[in-house]
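Undergrad: The whole structure should be built from the sequences, with the hints applied where relevant.
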Amino acid sequence: MTMRQQRETMSGEQAQQMKMMQWMMMLMPLFFFFMFNKYSAGLNYYYFISLLFSALTMWFLRRTTDDKKLLAKLEANYEANKNNPNKKASGLAARLEALQKQQEELMKMREATRNNRK
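Just so you know, we're using my numbering here: the sequence shown kicks off at 115 and counts up by one.
One or more of the hints may lead you astray.
Derived Cβ-Cβ restraints for the label pairs, each shown as a range [to be verified]:
1) Arg177 <-> Met134: 34 to 44 Å
2) Lys183 <-> Arg228: 55 to 65 Å
3) Ile163 <-> Lys196: 24 to 34 Å
4) Gln128 <-> Tyr161: 21 to 31 Å
No wet-lab data here; the hints were simulated from the structure. Even for Gly, the Cβ is constructed at its ideal location relative to N, Cα and C.
TA: Right under this line is the structure:
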């Protein structure tokens with residue numbers, strides 16, 4: 115499923131849930147600040163620095179990344195490789211494909227033995 119299809123099929127309820135999740139991601143560090151305030155200073159400092167670093171990283175990535183250009187590039191790459199016969203499956207996909215072929219051969223052998231018995 116492409117990102118565009120996913121965006122188009124997302125219902126209003128899911129979009130509302132996504133907004134709530136974004137708010138939770140923004141508010142949880144504030145809650146953590148007050149919850150961990152009674153613990154050692156190192157833990158609170160760690161969460162503060164982690165939040166600050168993550169926020170700055172996301173801000174930098176959002177400022178430097180053009181979403182439309184990236185989406186167009188991903189879709190072009192997908193279309194170019196969609197019907198490529200030379201593309202080999204790798205890793206887990208290759209193992210699953212091999213297992214599926216073995217299963218099909220076993221089924222054919224079972225059918226052949228059943229037909230021979232009759």
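Undergrad: Hint by hint, say whether it matches the structure.
TA: A quick look at each hint next to the structure:
{"no.": "1", "hint": "Arg177 <-> Met134: 34 to 44 Å", "in the structure": "25 Å, violated"}
{"no.": "2", "hint": "Lys183 <-> Arg228: 55 to 65 Å", "in the structure": "57 Å, holds"}
{"no.": "3", "hint": "Ile163 <-> Lys196: 24 to 34 Å", "in the structure": "44 Å, violated"}
{"no.": "4", "hint": "Gln128 <-> Tyr161: 21 to 31 Å", "in the structure": "29 Å, holds"}
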